[in-house]
Amino acid sequence: DQQVKQNSPSLSVQEGRISILNCDYTNSMFDYFLWYKKYPAEGPTFLISISSIKDKNEDGRFTVFLNKSAKHLSLHIVPSQPGDSAVYFCAAMERTNRDDKIIFGKGTRLHILP
Amino acid sequence: ETGVTQTPRHLVMGMTNKKSLKCEQHLGHNAMYWYKQSAKKPLELMFVYNFKEQTENNSVPSRFSPECPNSSHLFLHLHTLQPEDSALYLCASSPRGQGPANEKLFFGSGTQLSVL
Chain A
0 DQQVKQNSPS LSVQEGRISI LNCDYTNSMF DYFLWYKKYP AEGPTFLISI SSIKDKNEDG
60 RFTVFLNKSA KHLSLHIVPS QPGDSAVYFC AAMERTNRDD KIIFGKGTRL HILP
Chain B
10 ETGVTQTPRH LVMGMTNKKS LKCEQHLGHN AMYWYKQSAK KPLELMFVYN FKEQTENNSV
70 PSRFSPECPN SSHLFLHLHT LQPEDSALYL CASSPRGQGP ANEKLFFGSG TQLSVL
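Keeping their order, the protein sequence lines are chains A and B.
0 is the number of the first residue of the first sequence in the working numbering; add one for each residue after it.
10 is the number of the first residue of the second sequence in the working numbering; add one for each residue after it.
Chain A extracted, bound-state conformation:
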C-alpha cells in the first residue's frame, strides 16, 4: 500500500511556462515533506522541503505548497527551463518517529519542451 502517491508518471511543459507536479499521501502522521530531482545515471538530489506547520515554501523558481486537509502537496516550477527535465520524487517522513524513515513516491518524469 503506497503511502506517497505520484499519480502522473510523466508531464510535458513548454519552456517558460509553469510546471506543476502533484503528490498525495495517506499517512496523517507525516510532518515533513521533500522533493528530490533525478537526472539519468545520477542519484536523486534534494530540491526543496516543507514542514507540516507551513503551507508554502519558496526557493527561487521552486515553490512547494502543502494542503494538509487534502493530504496533498505540489511543486511549482516557474519559469520552466530545459535543465528542469528530470524525474521528480516526492517524499514524506514522520519526524516524531525515531525511525525517521523517508518514504518516496514513484516519481514523475518532467519533459520541458523547447
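One or more hints might be untrue.
[To be verified] Partial list, computed: chain A residues near chain B (C-beta under 10 Å):
no. : residue
1   : Val-3
2   : Gln-5
3   : Leu-33
4   : Phe-45
5   : Ile-101
6   : Ile-102
7   : Gly-104
[Unchecked claim] When the alpha-carbon atoms are kept at most 25 Å apart in a straight line, the in silico SDA-like pairs for lysine to any residue are as follows:
no. : chain 1 : residue 1 : chain 2 : residue 2
8   : A       : Lys-4     : B       : Val-69
9   : B       : Lys-31    : B       : Lys-50
10  : B       : Lys-113   : A       : Ser-84
[Stated by the list, open to error] So these bits of chain B aren't anywhere near chain A, every CB distance computed over 12 Å:
no. : residue
11  : Thr-25
12  : Lys-27
13  : Lys-31
14  : Lys-61
15  : Pro-70
16  : Ser-71
17  : Phe-73
18  : Ser-74
19  : Pro-78
20  : Ser-80
21  : Ser-81
22  : His-82
23  : Gln-91
24  : Ser-123
Treat the hints as calculated values from the structure; they're not laboratory data.
Note that this is a predicted model, so its numbers are computed, not measured.
Glycine is no exception: its CB is placed at the ideal position from the N, C-alpha and C atoms.
Place chain B on chain A using the hints.
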C-alpha cells in the same frame, strides 16, 4: 558531486555469482542507507545503519547482506540473486541526529545491476 561515492557504476552478474557493492561518504554523516529503485516503482528502503548499527531491515531477502565497518563505508554483498533483483541500487547518507533540520538524504549515483 554529492560526497557519496558508489562503485561499481554498472554490474552484470549471473545468478550463482557473489559480488559486492561499495559506498563511501565523505560528509561526516552518521547514518547510511541502501535503497533499491526498480522500474515504475517507488524508491524502496532496504537497510539503515546509524552509527554503524543496523537499525532497519525492511524485509529484505537474505541474498542481500549489508555490512557497515565504519560510519563512512557501507557494503551490500550479493549472493545467488534472481533476475528480478535487477535494479538501480542507491546508497545514501544523512546527518541524522546532528540537528533539527537535517533530514535530507544525500545520494550516490547508484549501481545499475543486471542479473542474468
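Results for each hint:
1. Val-3: 7 Å, holds
2. Gln-5: 8 Å, holds
3. Leu-33: Given a least distance of 7 Å, the restraint on Leu-33 of chain A holds.
4. Phe-45: 5 Å, holds
5. Ile-101: 6 Å, holds
6. Ile-102: Since the shortest Cβ distance to chain B is 8 Å, the answer is holds.
7. Gly-104: For Gly-104 of chain A, the interface hint holds, since the closest Cβ of chain B sits about 6 Å away, which is under 10 Å.
8. A:Lys-4 to B:Val-69: 22 Å, holds
9. B:Lys-31 to B:Lys-50: 23 Å, holds
10. B:Lys-113 to A:Ser-84: Given that 25 Å is the threshold and the Cα spacing comes to 22 Å, the pair holds.
11. Thr-25: Thr-25 of chain B is indeed farther than 12 Å from all Cβ atoms of chain A, at 28 Å.
12. Lys-27: 25 Å, holds
13. Lys-31: 15 Å, holds
14. Lys-61: 17 Å, holds
15. Pro-70: 19 Å, holds
16. Ser-71: Correct as stated: the minimum Cβ-Cβ distance to chain A is 21 Å, above 12 Å.
17. Phe-73: 18 Å, holds
18. Ser-74: With a cut-off of 12 Å, Ser-74 of chain B remains clear of chain A, as the shortest Cβ separation is near 21 Å.
19. Pro-78: Given that every Cβ of chain A is farther than 12 Å from that of Pro-78 of chain B, nearest at about 22 Å, it holds.
20. Ser-80: For Ser-80 of chain B, whose nearest Cβ neighbour in chain A is about 17 Å away, the distance exceeds 12 Å, so it holds.
21. Ser-81: 17 Å, holds
22. His-82: 17 Å, holds
23. Gln-91: 22 Å, holds
24. Ser-123: 15 Å, holds
Checked against the numbered hints given earlier, this structure breaks none of them.
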